[in-house]
Amino acid sequence: MSATFNKRLMFVWLVLTAMTLAYIWLDRSADEDGVLNASTVVTVSAIVIALVKVRIIFREFMEVRHAPALLRRLTDAWVLIIGVCLLGSYFIGMAVSH
Amino acid sequence: MSTQTGSLASRFVWNFRHNPKRELWFAWWVIVVFYQLYGLLFFVVTRVQPPPSPGWDTPTVVQWFGDHHLGILAGFGVVFLITGMTAPINALLAYSMRRMSVSPIFGYSYLIIYSLSAVPGMLVMAIAMTVGALRPDRDPALIQWLYDFAFLSFSGTMGVFMIGSLVWMAAVLIDKNRVFPKWFGYLNLCNALTEVVVAPAWIFRRGVFAWNGAIAWWINMVVFVVYTAVFIVLLRKMIEREDFGTGELPDLPPKAQRKQSSSVGAVQ
Amino acid sequence: MTNLDTGTPPEQAERKPVRFIPGQPDMWAFVLFETLVFTSYFVVYLISRTQNRELYLQSQADLDLRFGVFNTVMLLFSSWAVARCVQASREGAYRDALRDAFLTIFFGVAFLVSKVLEWITEIRIGNTFTSNEFFQHYFFLTSIHCVHLLIGFVVLGVVVYQLWSPARRSQQLVETCATYWHTVDFLWVLIFALLYVVR
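Residue numbers (the working numbering), protein chains in the order written: chain V, 1 to 98; chain D, 1 to 268; chain B, 1 to 199.
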């Protein structure tokens with residue numbers, strides 16, 4: 001039993017690390033010769049990837065997978081709330097700034 | 001003696017004379033009244049909260065004092081009168097720590113910390129503001145000075161409240177008498193952390209870390225209001241559950257039997 | 001472990017999963033509340049950023065993504081370690097659990113050291129807390145996160161203390177502390193994306 005848990009945890013860690021490394025690629029894609037450019041695509045992708053990572057951490061590392069429905073729904077709701085707040089503030093801010 | 005059948009007035013008198021928890025209830029009601037007054041005086045009458053900007057130039061500051069002249073003098077006049085209400089409040093909070101299984105040191109430390117807290121938390125602002133408003137024809141530079149003095153002392157001295165919150169947090173987490181739920185201990189930590197965030201107000205005259213900033217004031221205030229509302233409710237529950245023992249504080253009986261626990265109700 | 005379905009024999013565990021809340025539910029209340037507070041800090045950052053994009057982009061160029069990635073990987077390692085610790089302790093393998101707890105601390109320290117090095121690097125090139133808006137947010141978010149990390153070391157200390165002696169070893173407390181530590185990790189995941197990658 002514990003061997004499967006250990007394997008699963010390692011797999012989760014691998015996925016999370018891979019997603020982290022994906023940021024390097026995302027980061028490079030936004031720049032031209034070291035000059036940073038504003039980019040909605042990069043911003044939204046960065047935030048979405050982060051949210052997915054947070055949910056994975058909730059479900060796997062924090063064991064919400066095994067939790068009662070209330071906690072599972074609460075943590076999912078939280079990921080949604082964070083997403084709405086972050087993306088919302090970015091888009092509203094962009095709209096207001098011009 | 002069951003006085004459930006008496007009129008409100010006669011029940012009140014009976015409780016006033018015989019209820020063993022009357023001092024606790026008195027202190028609790030002082031908290032409720034005090035915070036209502038504090039909110040009214042600081043936010044509505046004097047309008048020093050939400051704080052005006054540290055980035056204003058001197059003429060604007062003088063103008064602000066002029067606009068709020070009467071409100072400042074009247075409002076802070078009342079503040080001076082009610083400052084003493086903080087005594088039973090802090091006493092009740094310290095009492096909650098004495099009821100816990102932890103060392104009395106916690107309660108005493110809290111009392112000392114918070115007896116100092118009324119100075120920057122209320123009095124310095126009240127004094128500086130009333131001095132500033134008293135003579136509108138005073139040298140504008142002096143008025144600006146008083147303005148800075150008032151707001152910096154009010155916002156910048158969060159250290160006192162932060163340490164107080166940490167003391168209460170530690171007491172709640174170590175306590176074995178279940179006086180407060182553990183999540184309240186953690187909420188104290190949240191409150192302390194948002195108060196740490198006010199420290200940069202000393203450095204910035206503009207932006208989110210200024211004394212009126214989104215981070216240094218607004219978010220901090222939201223957390224503080226939630227925190228205060230929560231501890232007022234929890235203190236009420238504590239008084240209802242109080243058995244004057246030294247062991248675990250018993251839970252309240254289920255709602256059906258609760259009638260006798262109300263603050264104006266009879267006590268066996 | 002608040003077990004809502006006790007007495008299920010292991011063979012049936014796959015068919016009818018045992019549902020439990022890891023650690024004290026109180027800690028979960030804290031985690032959710034604190035996450036909201038941090039989210040409000042992030043919202044303030046993003047809104048100020050959109051009002052001043054050029055400044056933020058230029059300043060962001062001074063950040064080294066490698067530090068950010070390294071930090072994130074260190075914390076992911078640490079979360080992995082503390083998750084293993086909880087599993088091991090649940091199965092009674094206390095020596096393994098202790099080793100994992102120490103590993104968690106080790107990775108936490110690696111994060112701290114690299115964070116301080118990063119701050120020193122930034123200050124050397126002239127970027128301080130008061131330099132401009134971007135660096136206000138950068139230093140603020142990384143510092144307040146670091147405070148949570150330092151508290152995390154105290155929390156991990158509690159884990160080690162619990163696991164050390166057979167007289168203690170409260171599984172609920174170990175899980176509670178692990179829950180706190182994971183929060184430090186996922187808050188950093190968000191901070192990293194917002195400070196280093198968002199354009």
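There's no promise every hint is true.
Covered stretches of chain V, going by a simulated chain B footprint (3 or more residues, C-beta under 8 Å) [unchecked claim]:
no.	region
1	13 to 19
2	49 to 57
3	80 to 86
Keep in mind that the hints were calculated from the coordinates and are not lab data. Positions of the beta carbon are idealized from the N, C-alpha and C atoms, including for glycine.
Here's how the hints hold up against the structure:
{"no.": "1", "hint": "13 to 19", "verdict": "holds (count 3)"}
{"no.": "2", "hint": "49 to 57", "verdict": "holds (count 5)"}
{"no.": "3", "hint": "80 to 86", "verdict": "holds (count 4)"}
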